[in-house]
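Asks: Chains U and P, in that order, give the protein sequences.
Going left to right, the first sequence walks through residues 1 to 515 as our numbering numbers them.
Going left to right, the second sequence walks through residues 1 to 515 as our numbering numbers them.
The set of hints was computed from the structure by calculation and includes no laboratory data.
This one's a predicted model, so the numbers in the text were calculated from it and none came from an experiment.
Where hints are given, some of them may not hold.
Repeated chains share a single entry, so a pair holds when one copy, or any two copies, can fit it.
[Said to hold, decoys possible] Using 30 Å as the maximum straight-line C-alpha spacing, the simulated DSS-like pairs for lysine-lysine come out as follows:
id : residue 1 : residue 2
1  : Lys-291   : Lys-276
2  : Lys-510   : Lys-182
3  : Lys-291   : Lys-340
4  : Lys-182   : Lys-501
5  : Lys-291   : Lys-9
Protein chains: 2
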Amino acid sequence: MQSRAVYQKTVEKWGLQEVVCEGTAQGNPFTERRITAVFTGKNECVSVDGFYDGDGIYRVRFMPSFEGSYTFRVEGNYGGEAWEGRFEVTPPSAGNHGPVRVANRYHFAYEDGTPYYSVGTTCYVWELQSDERIAETLETLKDSAFNKIRFCIFPKHYDYNLGEPRSYPYEGTPMDSSVLTKENFNEYTGKTEGNHFDLSRFNPEHFHHIERCILKLQELGIEADLIVMHPYDRWGFSCMTREQDALYWNYVLARFAAYRNVWWSLANEYDIFPQKKIEDWEGYARIICEKDPYNHLRSIHNCMPFYDHRRPWITHCSIQRQDLYKSAELVNEWRETYRKPVVLDEIAYEGNIQHGWGNISGEEMLRRFWEAVCRGGYPGHGETYMNEEDVLWWSHGGRLHGESHKRFHLLRQIMEETPGSGLAPYERCSWDEVCAVPETECMQPVKSYYLYYYSFMRPSFREYYFDDTTEYEVKVIDTWEMKVENRGIYHGKFRIELPGKSYMAVQIRKAGGSV
Amino acid sequence: MQSRAVYQKTVEKWGLQEVVCEGTAQGNPFTERRITAVFTGKNECVSVDGFYDGDGIYRVRFMPSFEGSYTFRVEGNYGGEAWEGRFEVTPPSAGNHGPVRVANRYHFAYEDGTPYYSVGTTCYVWELQSDERIAETLETLKDSAFNKIRFCIFPKHYDYNLGEPRSYPYEGTPMDSSVLTKENFNEYTGKTEGNHFDLSRFNPEHFHHIERCILKLQELGIEADLIVMHPYDRWGFSCMTREQDALYWNYVLARFAAYRNVWWSLANEYDIFPQKKIEDWEGYARIICEKDPYNHLRSIHNCMPFYDHRRPWITHCSIQRQDLYKSAELVNEWRETYRKPVVLDEIAYEGNIQHGWGNISGEEMLRRFWEAVCRGGYPGHGETYMNEEDVLWWSHGGRLHGESHKRFHLLRQIMEETPGSGLAPYERCSWDEVCAVPETECMQPVKSYYLYYYSFMRPSFREYYFDDTTEYEVKVIDTWEMKVENRGIYHGKFRIELPGKSYMAVQIRKAGGSV
Numbered sequence: 001m002q003s004r005a006v007y008q009k010t011v012e013k014w015g016l017q018e019v020v021c022e023g024t025a026q027g028n029p030f031t032e033r034r035i036t037a038v039f040t041g042k043n044e045c046v047s048v049d050g051f052y053d054g055d056g057i058y059r060v061r062f063m064p065s066f067e068g069s070y071t072f073r074v075e076g077n078y079g080g081e082a083w084e085g086r087f088e089v090t091p092p093s094a095g096n097h098g099p100v101r102v103a104n105r106y107h108f109a110y111e112d113g114t115p116y117y118s119v120g121t122t123c124y125v126w127e128l129q130s131d132e133r134i135a136e137t138l139e140t141l142k143d144s145a146f147n148k149i150r151f152c153i154f155p156k157h158y159d160y161n162l163g164e165p166r167s168y169p170y171e172g173t174p175m176d177s178s179v180l181t182k183e184n185f186n187e188y189t190g191k192t193e194g195n196h197f198d199l200s201r202f203n204p205e206h207f208h209h210i211e212r213c214i215l216k217l218q219e220l221g222i223e224a225d226l227i228v229m230h231p232y233d234r235w236g237f238s239c240m241t242r243e244q245d246a247l248y249w250n251y252v253l254a255r256f257a258a259y260r261n262v263w264w265s266l267a268n269e270y271d272i273f274p275q276k277k278i279e280d281w282e283g284y285a286r287i288i289c290e291k292d293p294y295n296h297l298r299s300i301h302n303c304m305p306f307y308d309h310r311r312p313w314i315t316h317c318s319i320q321r322q323d324l325y326k327s328a329e330l331v332n333e334w335r336e337t338y339r340k341p342v343v344l345d346e347i348a349y350e351g352n353i354q355h356g357w358g359n360i361s362g363e364e365m366l367r368r369f370w371e372a373v374c375r376g377g378y379p380g381h382g383e384t385y386m387n388e389e390d391v392l393w394w395s396h397g398g399r400l401h402g403e404s405h406k407r408f409h410l411l412r413q414i415m416e417e418t419p420g421s422g423l424a425p426y427e428r429c430s431w432d433e434v435c436a437v438p439e440t441e442c443m444q445p446v447k448s449y450y451l452y453y454y455s456f457m458r459p460s461f462r463e464y465y466f467d468d469t470t471e472y473e474v475k476v477i478d479t480w481e482m483k484v485e486n487r488g489i490y491h492g493k494f495r496i497e498l499p500g501k502s503y504m505a506v507q508i509r510k511a512g513g514s515v
Numbered sequence: 001m002q003s004r005a006v007y008q009k010t011v012e013k014w015g016l017q018e019v020v021c022e023g024t025a026q027g028n029p030f031t032e033r034r035i036t037a038v039f040t041g042k043n044e045c046v047s048v049d050g051f052y053d054g055d056g057i058y059r060v061r062f063m064p065s066f067e068g069s070y071t072f073r074v075e076g077n078y079g080g081e082a083w084e085g086r087f088e089v090t091p092p093s094a095g096n097h098g099p100v101r102v103a104n105r106y107h108f109a110y111e112d113g114t115p116y117y118s119v120g121t122t123c124y125v126w127e128l129q130s131d132e133r134i135a136e137t138l139e140t141l142k143d144s145a146f147n148k149i150r151f152c153i154f155p156k157h158y159d160y161n162l163g164e165p166r167s168y169p170y171e172g173t174p175m176d177s178s179v180l181t182k183e184n185f186n187e188y189t190g191k192t193e194g195n196h197f198d199l200s201r202f203n204p205e206h207f208h209h210i211e212r213c214i215l216k217l218q219e220l221g222i223e224a225d226l227i228v229m230h231p232y233d234r235w236g237f238s239c240m241t242r243e244q245d246a247l248y249w250n251y252v253l254a255r256f257a258a259y260r261n262v263w264w265s266l267a268n269e270y271d272i273f274p275q276k277k278i279e280d281w282e283g284y285a286r287i288i289c290e291k292d293p294y295n296h297l298r299s300i301h302n303c304m305p306f307y308d309h310r311r312p313w314i315t316h317c318s319i320q321r322q323d324l325y326k327s328a329e330l331v332n333e334w335r336e337t338y339r340k341p342v343v344l345d346e347i348a349y350e351g352n353i354q355h356g357w358g359n360i361s362g363e364e365m366l367r368r369f370w371e372a373v374c375r376g377g378y379p380g381h382g383e384t385y386m387n388e389e390d391v392l393w394w395s396h397g398g399r400l401h402g403e404s405h406k407r408f409h410l411l412r413q414i415m416e417e418t419p420g421s422g423l424a425p426y427e428r429c430s431w432d433e434v435c436a437v438p439e440t441e442c443m444q445p446v447k448s449y450y451l452y453y454y455s456f457m458r459p460s461f462r463e464y465y466f467d468d469t470t471e472y473e474v475k476v477i478d479t480w481e482m483k484v485e486n487r488g489i490y491h492g493k494f495r496i497e498l499p500g501k502s503y504m505a506v507q508i509r510k511a512g513g514s515v
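Sequences are here, hints too, so could you generate the full structure?
Replies: This is the structure we're talking about:
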């Protein structure tokens, strides 16, 4: 049966090499068969697991981190022989900056050193909708300022999410969902009667499809923050045995790890899985650390109590706000507590549904975004506007109906103007303003750059003083109206007139230089 | 010299009886002379201090708490003989409900039992402005929903407050204030060179004038929350000796205590007086408790750390918010901590000045008002809009320029619809709403009244369930647009459509009864 190994003769740096081997389809290849490969170049030697992809096909994937010649050798009991091969790794193409890494302690950069300023959104199961909806979502993302999207591998069962997904991750058949209503859906949680899934046999098409979506995101320059587990479940995927979970995690890692734009979010709301304990999450983390040779970013997202983001395997804090009123305002504290990048993956959603987490205004969302950025954190968006079709961006993608997202382009542009990489809270900021300075200049008495934000306050003017001589260019930014006014050059103690409106920012940068 | 004692032959209950005696003007009557009186009716025998009012005139004031015949006897070394007299106390006139007391632990009522729902404002030195400005302020107050105003006895030196007051509390002359600018005023604090005040000799006209203002407020049904000390000073009144302070406190008590609408606020921002310690404040409190026979309400207001509101002499918490973001949202906690009424005397001011405490929007002010009320607290307003004359309501009174105050009439009307007296936080309120129930029904599983508030959130609908049978009348309140919609009668589990806008409230009351 085994007849050949297929692979590309060239692949770009941080691209995806895939070796396709024919093997046996007999028995349960997902549990009984193993395929691995070692990829060797001048600068690295990487051992990876492959996976069974159905129809007797096995695949091994690899992301090279260096240019030049690589060899590989495929082994295993998958029913084929030990294949060997050779390929060339070419320089990355335009727009390929490699995977995102933590840089400068609280920030991110692509592996090629380009700063990455995260502006995220959440669409939990956008990729499990119809082709038309997916195309619409991608069109929306293309025009957006988002460079990260959080979504789930498993389908989602929740308010506004009672429909069937386009596919299931396992072989089998789901319960009859026609019995579900907005009133009774809460009674169907975890493993519900009527579901017949074989949790030892994956449905490769489900994963194939997600891979296509990850690639589409990659083309748009968007990171795929994969939520590998979540509790909003009626099929039983949230309460598998430890062995079934391990099988799943290994399969996920073998399939997705070689995509450069993948991040691992262990869970959405880890703390509301009734069956899982901290030791379970630590176990999954061990699998990732062992099986992801590329060290993609790793996080775990809370409902109420934070996971201990100090854990060494956690690369950044993925935060859901814990207080109805204060959210992004706490970024300073979280930075100090965890000494890692702070990503606000859920600071409530712009919308008008009944739930308090899903009905803030565009103004409030934008305010939270600026509060986060001017404290050295990274904000995340979501949208939950009611409509007749119950198509809410937060879960299904589609089109955006809100107001905040239109203002994120300007914010991202301002973020990208940061000297060095990353903003830090200004230690001499007064109690009634937020101010960020370059992380790299934290220890300098006078900085080259200050970004002030006045939140819901409405000062008619503000006074500034840094030193007597340095000349600063001042811009006044109406973050809501998206207007940037150049106010000229100042030094010493100076006063800037402001319009007495909410949501104003002031950018002050050292004049005459590419600060 | 002494020739007669003058007093009214009748006075209404909680009215002000005053015995005027001629005495000596020689020496320093403020420190060397003493006049006291005992007032005796069927139900009370009250001993009070009088005071020297200049020009050889001494006055003793008394507020009767009962109807019927009273006698009095004036004594002292003021240079007159021991006068006696008799007068009748008639029933209170319409609108005279007596002084405000703490009632129902967390709330207030007038002494005649009428609930008092405090809706305050702050105009620190409105009464020390020109006659025209004072008249304008009273006109504004007359049309307003305010039933309490905080103001100072001493003049105020601060940003936007550099002018001279209409009078000084002591004999003497102030420093030349023409040297003051917006830039240098901070260098003139406490006792500044150039001031020549005799801190042992009061200026009776200063106090007379304040008394006329207190009476004007009384006519409007407004409580006078007198700030007896404050730190915003260039004349030295904030840093007198302990003996001078005691003289002042005794004088203030002798003059003002018999006005039924007086409250004692020991200080504005007690914690930023450089010279005063907790023992000083405790000392003033002892003087009040000893010398105010009517037990007017007593509080002390913070800048940053709260005074220990558990102190037995403190009748209610007078709170300045400690956090830029959370203010009224903390009323529940403060109620539980201090077990007293919570009055938010400073939750930032609506306006557009440069300071963060003085530039929130009307929407945010109104939101804080409703948050406070629906948590069982009492909100306070202030306004700081820039204008060419630097006449800011917060200090000078005058006209209101903001938007929030127009919406307080509706809020006060809703407050007055509370069954019993006072609202309490609803213990079964969900995380994304604020709800108040009658304080008196806290222990009942099902209440007769629920007042929900949705703050900045924008639900399109909400569902309610109390029990299966009780019928409830539902009103939807747009707190900003000031529209109240009657939505009819519901029972069991029911759903109320909402407009998906911020600042909505829902009033749910048991149908068919004068709840």
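Asks: Which earlier hints can't be squared with this structure?
Replies: Of the numbered hints given earlier, the structure breaks none, since each of them holds.
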